[in-house]
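Participant: The residues making up each chain are set out below.
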Amino acid sequence: MSELFVIVEHRLGEIRDITFEMLWKAGELAETLSSNLTAILIGHELNSIAEKISDRADKIIIFDDEGLKNFNADIYKKILVGLIEESKPTLTLIGNTSWGMELAPCLSIRAGLPLATDCIDIISKNGNLIAQRQMYSGKIFANVSFAESDGYILTIRSGVFPTDRIGDRQAQIVQKDFALKDITVKKNFIEFVETAAGDVDITQAELLISVGRGIGEEDNITIVKELAEALNGILSCSRPIVDKNWLPKYLQVGTSGKSVTPKVYIAVGISGAFQHLAGISGAGTVIAINKDPKAPIFRTADYGIVDDLFKIVPALKDKILEVKKGG
Amino acid sequence: MDIIVCAKNVPDVAEADLNISDKGTDIDKEDLVFGINDWDNYAIEEAVLLKEKYGGTVTAITVGSEDDEEVLRRCLAMGADTAIRIDVDGISRFDSFVISKILSRVVKDLQFDLIFTGVLAEDDYCGMVGMMMAEELNINHANMITALEIEDGKARTTSELEGGLGEVSLIELPALLTIQTGINEPRYVSILGIRKAAKKELKTIELPDLGISDEELSPRTIIEEAFLPPETEGAEILAGNPDKISSDLIEILKKKGVME
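Residue numbers (the working numbering), protein chains in the order written: chain A, 1 to 327; chain B, 328 to 587.
No wet-lab data here; the hints were simulated from the structure.
Where is the CB? At the ideal position from N, CA and C, for every residue including glycine.
A portion of the hints provided could be inaccurate.
Stated by the list, open to error - Across the chosen pairs, the derived CB separations fall in these ranges:
id, chain 1, residue 1, chain 2, residue 2, range
1, A, ASP150, B, SER540, 39 to 49 angstroms
2, A, LYS311, B, LYS523, 52 to 62 angstroms
3, B, LYS523, A, ASP150, 23 to 33 angstroms
4, A, ASP150, B, PRO535, 49 to 59 angstroms
5, B, ASP344, A, GLU218, 48 to 58 angstroms
6, B, GLU558, A, MET1, 34 to 44 angstroms
7, A, LYS125, B, ILE347, 52 to 62 angstroms
8, B, ASP358, A, LYS225, 32 to 42 angstroms
9, B, PRO556, A, GLU217, 28 to 38 angstroms
10, B, ILE521, A, GLU217, 19 to 29 angstroms
11, B, ASP344, A, SER281, 21 to 31 angstroms
12, A, MET1, B, SER392, 11 to 21 angstroms
13, A, LEU321, B, ILE347, 38 to 48 angstroms
Said to hold, decoys possible - Restricting the straight-line Cα-Cα distance to at most 27 angstroms, the calculated cross-link-like pairs of lysine-lysine (BS3-like) are:
id, chain 1, residue 1, chain 2, residue 2
14, A, LYS225, A, LYS319
15, A, LYS319, B, LYS571
16, A, LYS311, B, LYS435
17, A, LYS181, B, LYS378
18, A, LYS317, B, LYS380
19, A, LYS244, A, LYS225
20, B, LYS581, A, LYS325
21, B, LYS435, A, LYS186
22, A, LYS244, A, LYS139
23, A, LYS263, B, LYS583
24, B, LYS435, B, LYS583
25, A, LYS294, A, LYS325
26, A, LYS125, B, LYS481
27, A, LYS139, B, LYS356
28, B, LYS527, A, LYS186
29, B, LYS481, A, LYS325
30, A, LYS244, B, LYS581
31, B, LYS527, B, LYS380
32, A, LYS324, B, LYS523
33, B, LYS380, A, LYS263
34, A, LYS291, A, LYS311
35, B, LYS571, A, LYS294
36, A, LYS311, B, LYS481
37, B, LYS582, A, LYS324
38, A, LYS291, B, LYS380
39, B, LYS582, A, LYS319
40, B, LYS583, A, LYS78
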């Protein structure tokens, strides 16, 4: 029977949601392809993590060693190359995360298997495998096929598949050892650091007014700040604003910043890269102001204003102040 | 400190109306403005900053056609010493795997302590060339670098993780690092600066001269179809003049309980 591999991602003892999402998709594929679903779990003190996925895989292969406590792409790669040679899985799924993006290309070269990254769907049609992904900042979708191979590696975008359990499985646990002593590690983990600590906690805000690249100049942020003040809301932003050092990291919404859950989220001049959209999936109502009608933000927003933000934002602020004064 | 930076010329699609090309596997690029891939802009800046601090050389490399030399001229204007273009007429027939093979073959013969690539390319969003090169070259690597220091001949890197966390590592050189946006503030490049840099060496290598086998030049992934995003229900569009839109928005804000 053919096999599907899912590489479990976990950090500081917690399983990452991407793992559940990959297991959901792999579970679905395992049905259509009549394959066994195997989760690969590498790390140290892994019992509670194994438990959380024991009803989502047919087999969990565990490599537990103190030397595996911290993620290291090189060691993961060496372990996985061995496993892939042994079991020849049809598919190996890895998260398209910071760690996965380091591991997958190395593994692809070392194992000699084709790789498609950042997949948003996997379609198996008449024995052919198609990976669906996005290009050009999410403005274009693409279906990708592969050169013939014994197996394929795909990295999966976070947040596109459910975290729910699919199917009914009971995992057999297989403990394996890896000869760590034979490896000289040339990249040493030092520490984790908080990069987004600050005075304002945007995750607690009920109303966020968020500014993005469309604002153009640093000084222009004032108009968005004034709107936020008029509304008693909190100012936040998308990544390009932090990259330019115009606002601090702790105000950044998105995958590498904060995930937010306001009642209302107003996106000003934000095009809506998927990393940003992932950060607002828990928002109640999303209002987007952007002059590009094709901006991906309009696909997820509840209300859209296709216009120049420099006209709309000041007009809205004045109107709010007027209403407040009148009331 | 000798540093190689791999850079790519990409179309700016931020506010462009995109159309699918006749072949159906890419977009029509004729009317688009090209420029350096945003991530690569940070990568070249980081290399030049290190050179200014520790001395050494910076070499910029791209795979592409003559039009793509623009990206190298920009790198030279920013402070690269030399540039290399591997001449390929249209890179769309290659995938990231092939590009990484070509780049690896070229840098193998060069002197380097560090290789930088951007985390991603804005056009294909693949984000794999860098790490594939690291594996081909069998050198150390780290991903999504947001801070970099050199300490006793080692690189102290901060990799960006999800959720506002950074991972600090110490890596022996030579190493390949993929550079994340925001790591620095890329310097402004003027037309005059580009003109001045025209004196610097820009070497062209013909692909066949690299002696890469046909097998290694065959893509492992093929774009079968490119298409516009499927229609979704999308946002309810509020139209009218700014005053009308503002009134509508205030109604919504009141209804959602965030305004009295």
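Participant: Does each hint hold? Answer for all of them.
Facilitator: Results of checking the hints against the structure:
1. A:ASP150 - B:SER540: 39 to 49 angstroms: For B:SER540 against A:ASP150, whose Cβ atoms are near 20 angstroms apart, the range 39 to 49 angstroms is violated.
2. A:LYS311 - B:LYS523: 52 to 62 angstroms: For B:LYS523 against A:LYS311, whose Cβ atoms are near 41 angstroms apart, the range 52 to 62 angstroms is violated.
3. B:LYS523 - A:ASP150: 23 to 33 angstroms: Given about 53 angstroms between the Cβ atoms, the range is violated.
4. A:ASP150 - B:PRO535: 49 to 59 angstroms: violated, 31 angstroms
5. B:ASP344 - A:GLU218: 48 to 58 angstroms: Check failed, 28 angstroms falls outside 48 to 58 angstroms.
6. B:GLU558 - A:MET1: 34 to 44 angstroms: holds, 39 angstroms
7. A:LYS125 - B:ILE347: 52 to 62 angstroms: violated, 21 angstroms
8. B:ASP358 - A:LYS225: 32 to 42 angstroms: holds, 36 angstroms
9. B:PRO556 - A:GLU217: 28 to 38 angstroms: Holds: the Cβ-Cβ distance is about 30 angstroms, inside 28 to 38 angstroms.
10. B:ILE521 - A:GLU217: 19 to 29 angstroms: holds, 23 angstroms
11. B:ASP344 - A:SER281: 21 to 31 angstroms: Cβ of B:ASP344 to Cβ of A:SER281: about 27 angstroms, so the range 21 to 31 angstroms holds.
12. A:MET1 - B:SER392: 11 to 21 angstroms: At roughly 48 angstroms between Cβ atoms, B:SER392 and A:MET1 fall outside 11 to 21 angstroms, so the hint is violated.
13. A:LEU321 - B:ILE347: 38 to 48 angstroms: holds, 46 angstroms
14. A:LYS225 - A:LYS319: holds, 15 angstroms
15. A:LYS319 - B:LYS571: holds, 10 angstroms
16. A:LYS311 - B:LYS435: violated, 54 angstroms
17. A:LYS181 - B:LYS378: violated, 37 angstroms
18. A:LYS317 - B:LYS380: Since the Cα atoms of A:LYS317 and B:LYS380 sit roughly 47 angstroms apart, the hinted pair is violated (cutoff 27 angstroms).
19. A:LYS244 - A:LYS225: Status holds; Cα separation ~17 angstroms.
20. B:LYS581 - A:LYS325: Between B:LYS581 and A:LYS325 the Cα gap is close to 15 angstroms, so the pair holds against 27 angstroms.
21. B:LYS435 - A:LYS186: The given pair, whose Cα atoms are some 20 angstroms apart, holds under the 27 angstroms limit.
22. A:LYS244 - A:LYS139: holds, 24 angstroms
23. A:LYS263 - B:LYS583: It holds: about 7 angstroms lies between the C-alpha atoms, which stays within 27 angstroms.
24. B:LYS435 - B:LYS583: violated, 60 angstroms
25. A:LYS294 - A:LYS325: Not OK: A:LYS294 and A:LYS325 at ~37 angstroms, beyond 27 angstroms, violated.
26. A:LYS125 - B:LYS481: violated, 48 angstroms
27. A:LYS139 - B:LYS356: holds, 14 angstroms
28. B:LYS527 - A:LYS186: With Cα atoms ~36 angstroms apart, B:LYS527 and A:LYS186 exceed 27 angstroms; violated.
29. B:LYS481 - A:LYS325: Roughly 61 angstroms separates the two Cα atoms, so the pair is violated.
30. A:LYS244 - B:LYS581: Not OK: A:LYS244 and B:LYS581 at ~34 angstroms, beyond 27 angstroms, violated.
31. B:LYS527 - B:LYS380: holds, 21 angstroms
32. A:LYS324 - B:LYS523: violated, 57 angstroms
33. B:LYS380 - A:LYS263: Given pair B:LYS380, A:LYS263 is violated - Cα atoms ~48 angstroms apart, limit 27 angstroms.
34. A:LYS291 - A:LYS311: Given that 27 angstroms is the threshold and the Cα spacing comes to 11 angstroms, the pair holds.
35. B:LYS571 - A:LYS294: holds, 23 angstroms
36. A:LYS311 - B:LYS481: violated, 51 angstroms
37. B:LYS582 - A:LYS324: With Cα atoms ~16 angstroms apart, B:LYS582 and A:LYS324 stay inside 27 angstroms; holds.
38. A:LYS291 - B:LYS380: violated, 42 angstroms
39. B:LYS582 - A:LYS319: holds, 16 angstroms
40. B:LYS583 - A:LYS78: violated, 53 angstroms
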